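Chains as they are written, first to last, in my numbering: chain A, 1 to 520; chain B, 1 to 344.
Treat the hints with caution; some may be incorrect.
SDA-like, lysine to any residue: derived pairs with alpha carbons at most 20 Å apart [said to hold, decoys possible]:
(1) A/Lys268 <-> A/Ile457
(2) A/Lys382 <-> B/Thr204
(3) A/Lys382 <-> B/Ile196
(4) A/Lys29 <-> A/Thr89
(5) A/Lys382 <-> B/Pro167
(6) A/Lys29 <-> A/Lys382
To be clear about the criterion: a stretch of chain A counts as covered by chain B if any three or more of its residues have a C-beta under 8 Å from a C-beta of chain B, and this derived list gives those stretches [said to hold, decoys possible]:
(7) 384-394
(8) 466-472
Residues of chain A placed beyond 12 Å of chain B at every Cβ, according to the derived structure [what the hints assert, rightly or not]:
(9) Arg137
(10) Val250
(11) Ser341
(12) Ala344
(13) Glu355
(14) Asp356
(15) Gln360
(16) Met364
(17) Ser381
Hints listed in this document are in silico derivations from the structure and should not be mistaken for laboratory results. Keep in mind the model is a prediction, meaning the values are calculated, not measured. Ideal Cβ positions, reconstructed from N, Cα and C, are used throughout, including at glycine.
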Amino acid sequence: MKGFIAVKSGREEPVVAEQPQAPLLVLAKATKSFGAVQALTEGSITLYAGEAHALLGENGAGKSTLVKILAGVHRPDSGVLEVGGQPLTLHGPASSRAVGISIIYQEPTLFPDLSVAENIYMGRQPLAAGRRIDRARMRKDAEAVFAQLGVALDPDRLARGLSVADQQIVEIAKALSLEAKVLVMDEPTAALTGVEVERLFEVMRTLRNQGAAVLFISHRLEEVFASCQRVTIMRDGRYVRTAAIEDLTVDDIIRSMVGRDLDTLFPKTETVPGEVILQVENLNREGVFSDISFEVRRGEIVALAGLVGAGRSEVARAIFGIDRRSSGVVRISGTELSNGSPQASMAAGMALVPEDRRQQGLVMELGLDQNIALASLGRLSKFGIIRRASEGAIALTWAERLQLKFSRLKNPVSTLSGGNQQKAVLGKWLARRPTLLIIDEPTRGIDVGTKAEVHRILDGLVAEGMAILMISSELPEVLGMADRVLVLHEGRLTAELSRDEADENSIMRAASGLDAGAAA
Amino acid sequence: MSDTATRPPTTTSYAETGSTGRPSWHALLRWESALVLVLIAVLIFGSSKSSTFLTPTTFFFTGLNMGEVAIMALPLLLIVMIGEIDLSVASMLGLSGAVMGHLFQSGWSIWAAMGVALLVGAVGGALNGVLVANAGLPSIAVTIGTLTLFRGVAEIILPTPTTRLIPTSLTKVGVVPIQGTQLAYSAAIFFLMAAIFAVVLHATALGRSLVAIGLQPESAQFSGIRVRRIRFGLYVASGVICAFAGILFTLKNSSASYGAGSGLELTVVAIVLFGGVSIFGGRGTVLGVVLAVIIVGSLQQALTQMHVQPEVQNIVTGALLLISVLVPNSGEALRRIRERVRRG
């Protein structure tokens with residue numbers, strides 16, 4: 001760990017008081033790619049002492065990557081970072097902390113069996129004679145920090161059982177005790193109640209008054225308006241704009257977040273929806289989502305939109321039977337499905353292309369043939385023995401039909417590109433000839449060309465009479481592909497929009513919970 | 001640094017298989033060819049040390065000694081394939097023998113006693129299965145628990161070895177080979193079972209499901225494979241088969257005692273791993289396990305004929321276990337060591 005403290009320059013910091021306008025932290029034109037995926041094309045942000053600054057953008061806009069660069073977790077491929085006027089390179093989380101940046105995550109990770117004070121001073125406990133931990137001093141120091149924050153928390157209690165809000169306070173106290181000048185809060189309010197959010201805002205005010213800068217990331221625009229002075233908006237890995245909050249309206253922000261060309265990519269064929277295939281009634285899963293009711297008809301694509309964490313994938317899992325539902329009914333073509341049984345759902349004609357193709361969709365070390373066959377083993381077997389010839393044939397049929405590029409059927413699917421892996425998952429499920437296809441993030445992390453191909457495939461499937469429930473975080477995809485859009489916000493359906501009603505605005509408003517109560 | 005630290009471990013393994021781009025059977029085949037070479041080496045070594053090593057009698061005794069261990073290795077192979085472990089196998093052998101012995105001693109017919117012993121195997125296996133598959137507890141902890149539990153129950157049921165005479169028509173399994181061959185009965189049963197297990201593992205839908213569960217349990221579940229039921233079922237099967245091994249063991253010795261097969265679980269695990277079955281699940285063949293059984297059996301036989309102490313034989317078993325875990329993972333282990341050195 002010793003290499004980490006080495007912040008590049010040994011010069012004295014310039015005295016900030018002499019230049020009150022000098023920014024505390026500047027990140028300019030940072031780029032970061034992971035393999036072929038460009039996660040950040042232009043990450044730029046400027047933070048001043050005493051401000052709360054919101055960082056906004058859709059899922060995948062590059063916010064997390066930017067935060068991880070500030071945290072020292074990712075090293076940018078290019079770009080400049082200056083803290084207090086000094087250009088520097090972060091070599092890891094420790095060097096990020098050393099220059100005064102602290103990150104408060106949505107779910108803090110405290111040591112549950114240590115006290116609050118021990119958590120704050122983990123790894124740098126004040127020592128008494130004989131290198132023993134000076135508990136009394138640690139306790140007093142922790143109390144002082146809490147007093148500074150204006151919160152009442154007992155430094156001696158164990159971290160176990162603290163509410164998420166209190167855990168965040170402990171993290172903030174830790175940041176303060178490290179004399180952090182920049183606090184990055186990554187969706188801190190996602191798990192908080194109204195009162196707790198208020199207290200967090202109070203703490204943010206205190207921090208600002210003491211000269212810290214707070215970078216606040218939230219999907220809830222009303223919180224941004226309530227707590228921040230300036231806003232930076234990102235889209236597709238790029239910086240879009242920075243503005244003072246009073247110069248912006250909700251619509252301005254949403255337009256900057258999503259505004260792009262929509263009509264070119266998706267050649268959607270008009271279809272006339274037929275009879276109801278999937279019927280979901282009052283679906284509940286305690287603490288995850290509640291009261292979900294909707295239908296999907298033959299020949300239509302229904303999109304399930306919403307922010308990450310709104311519970312979309314969880315709804316799909318419960319419908320398919322991976323998770324048990326607490327209450328509610330799922331029917332396929334009128335037949336009620338038993339709870340928690342993917343086998344029953346599959347027998348009824350349901351298919352689920354899951355969110356994570358590497359962990360859930362495919363067995364990466366097995367070949368394309370075995371992967372495509374994996375959901376159809378019963379049909380491919382005779383007296384329990386898999387007929388290898390049929391296995392190869394079915395794999396070849398679907399690989400060709402989906403124009404999947406591969407060298408040999410037996411090669412592990414880990415050797416395929418992301419787009420071809422996605423086609424492999426699709427092939428595995430289409431080989432079952434389902435009547436309902438649930439597809440979670442159909443084009444996540446695949447190249448633009450294959451993306452268009454996947455869309456064409458889905459379009460062809462509904463034209464042939466399949467019913468499709470599509471979960472997508474990409475608005476253009478939702479708007480381009482869906483006949484109807486259901487919007488989920490914090491586990492509840494907040495809107496059902498027809499193809500005509502659905503646009504960036506209406507979806508984002510419902511997804512942010514701004515139109516709650518207007519649910520269909 | 002934190003980049004590598006925060007990455008889920010599975011990503012590494014994809015990257016590796018991805019870069020070699022070879023189908024997985026290729027690597028396995030090489031492991032099995034290596035086992036054949038090791039076997040030849042052991043046979044040469046044995047015959048150079050003892051003139052009576054390469055004789056039919058040796059073959060018979062090897063089979064006789066290894067039979068139960070080999071039989072128990074087969075269900076364990078499947079359990080390791082799905083990424084779990086069962087350390088209670090030898091204790092189940094002991095418990096089954098104790099139950100059978102106690103009932104027989106109290107006047108039951110030998111056949112009824114055997115039936116109850118098998119039933120006890122099913123119940124004990126179901127206990128492991130419920131705790132691992134349904135309660136989701138780590139199988140290593142669960143089966144260490146039942147390892148002790150089964151042995152303790154066995155001791156209570158049968159504190160002293162049985163004395164009532166078992167019909168010689170049955171105890172002959174421990175005395176003579178199958179007529180006209182040099183094959184011990186237990187060894188013959190093992191080879192028959194191995195053939196069945198090979199078909200199940202390598203050709204059936206069930207076998208494919210086991211591979212999928214071992215490699216990527218979540219993908220298996222999302223493919224409609226009944227992961228929980230299969231986990232449970234394998235433990236029940238293991239219990240029954242180990243109870244069956246316990247019956248054979250009792251017949252072989254013409255008497256039951258609670259301590260039968262004590263400590264054999266490590267030999268069974270060593271054989272499965274030495275046979276090339278990945279401790280992380282998903283990779284392994286019945287052929288590899290059969291070869292490992294023959295190698296370990298021949299080696300033990302050679303060492304016995306050389307009058308080597310049993311303690312030294314334990315060292316050999318331990319070394320085999322380490323080699324079989326080290327060699328397939330040596331690439332990864334070396335990489336890690338290099339990285340650590342570089343970081344200082």
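Does the claim that A/Arg137 lies outside the interface with chain B hold up, using a Cβ gap greater than 12 Å? holds, 30 Å
A/Gln360 remote from chain B - nearest C-beta pair above 12 Å: Non-interface label on A/Gln360 violated, nearest chain B Cβ at 5 Å vs cutoff 12 Å.
Quick check: the stretch 466-472 of chain A, covered by chain B? Criterion 3+ residues, Cβ under 8 Å. Contact hint for the stretch 466-472 of chain A vs chain B: violated, 0 residues under 8 Å.
Assertion that A/Glu355 lies outside the chain B interface [Cβ separation over 12 Å]: Incorrect as stated: the minimum Cβ-Cβ distance to chain B is 10 Å, not above 12 Å.
Hinted pair, alpha-carbon criterion (20 Å max): A/Lys382, B/Pro167. Please report holds or violated. Measuring from Cα to Cα gives roughly 43 Å; hence the hint is violated.
Minimum Cβ distance from A/Ser341 to chain B greater than 12 Å, as the annotation requires: With a cut-off of 12 Å, A/Ser341 comes too close to chain B, as the shortest Cβ separation is near 9 Å.
Can we trust that A/Met364 is non-interface, i.e. its beta-carbon lies farther than 12 Å from all of chain B? violated, 5 Å
Once the closest CB in chain B is found, is it more than 12 Å from A/Ala344? violated, 9 Å
Beyond 12 Å from each Cβ of chain B, as asserted for A/Ser381: violated, 5 Å
Verify the proposed pairing of A/Lys29 with A/Thr89, using a straight-line Cα cut of 20 Å. holds, 14 Å
Within 20 Å, alpha carbon to alpha carbon, are A/Lys268 and A/Ile457? Holds, at about 11 Å.
Taking 8 Å as the C-beta cutoff, is the stated coverage of the stretch 384-394 of chain A by chain B satisfied by three or more residues? holds (count 3)
In the structure shown, a violation is registered for the earlier hints numbered 5, 6, 8, 11, 12, 13, 14, 15, 16, 17, in ascending order.
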